[in-house]
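Everything in the sequence shown is counted per this note's numbering, starting at 1 for the first residue and increasing by one.
Please note that the accuracy of each hint is not assured.
Below, simulated BS3-like cross-link-like pairs (lysine-lysine); rule was C-alpha separation at most 30 Å, straight line [claimed, not checked]: (1) K89 x K7; (2) K4 x K89; (3) K7 x K93.
Here are the simulated distance ranges between beta carbons [to be verified]: (4) E40 x S118: 30 to 40 Å; (5) N102 x F21: 10 to 20 Å; (6) V96 x D24: 32 to 42 Å; (7) V96 x H29: 15 to 25 Å; (8) H50 x R78: 32 to 42 Å; (9) S114 x L55: 29 to 39 Å; (10) L26 x R117: 24 to 34 Å; (11) H25 x N102: 36 to 46 Å; (12) N49 x V14: 19 to 29 Å; (13) E92 x L26: 26 to 36 Å; (14) E52 x Y113: 21 to 31 Å; (15) G6 x R78: 18 to 28 Å; (16) S118 x S3: 32 to 42 Å.
Don't read these hints as lab results, they were simulated from the structure.
Only a predicted model underlies this, so the values are computations on that prediction, with no experimental measurement involved.
Cβ atoms here follow ideal geometry from the backbone N, Cα and C, with glycine treated the same way.
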Amino acid sequence: MQSKIGKAIRLWQVGFDTGQFYRDHLLWHDAIPYLGCALETAVILLANNHLEHELSCEWYTSSAMLLASTFVNINSHRQAEEIKWMAIKRLEKELVDNSQSNIWINRYLEQIYSQLRSLAVTVSANPRETNQSCRGIEAVTSIH
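Construct all of the structure, not just a fragment, from the sequences and the given hints.
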């Protein structure tokens, strides 16, 4: 089991780092599949009890926010919003299942809600933007 966890961790790290590399070079579309892979792997790691829970929540949140931010950078606001809501629902489930972890899970939830509010402001300020343009690029940052 531990070797499978190690492989999953390496898969997450490669996906996350490669996606970040493409983001650093403003290659948003190239980053998306790698960040999607990182997010899917983070979901698996979050469900696994062999990894420190706070660490798996951090990786999950980082992966979700970086993928959502990448979608914002290509003005795919709907996809960004869907990812953020998915992350919120999953972390709220973790909060219910792991009440002793509420301080740092709430911190991650606050980050996501803050970004969700920012996204709503961006979309309402630019209602004519389509999913095809690349205006309004978010800062290239990583919360990892």
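Hints versus structure:
no.	hint	result
1	K89 x K7	holds (26 Å)
2	K4 x K89	holds (27 Å)
3	K7 x K93	holds (26 Å)
4	E40 x S118: 30 to 40 Å	violated (25 Å)
5	N102 x F21: 10 to 20 Å	violated (34 Å)
6	V96 x D24: 32 to 42 Å	holds (36 Å)
7	V96 x H29: 15 to 25 Å	violated (36 Å)
8	H50 x R78: 32 to 42 Å	holds (35 Å)
9	S114 x L55: 29 to 39 Å	violated (22 Å)
10	L26 x R117: 24 to 34 Å	holds (25 Å)
11	H25 x N102: 36 to 46 Å	holds (38 Å)
12	N49 x V14: 19 to 29 Å	holds (23 Å)
13	E92 x L26: 26 to 36 Å	holds (33 Å)
14	E52 x Y113: 21 to 31 Å	holds (24 Å)
15	G6 x R78: 18 to 28 Å	violated (36 Å)
16	S118 x S3: 32 to 42 Å	holds (41 Å)
Hints 4, 5, 7, 9 and 15 from the earlier list are contradicted by this structure; the remaining hints agree with it.
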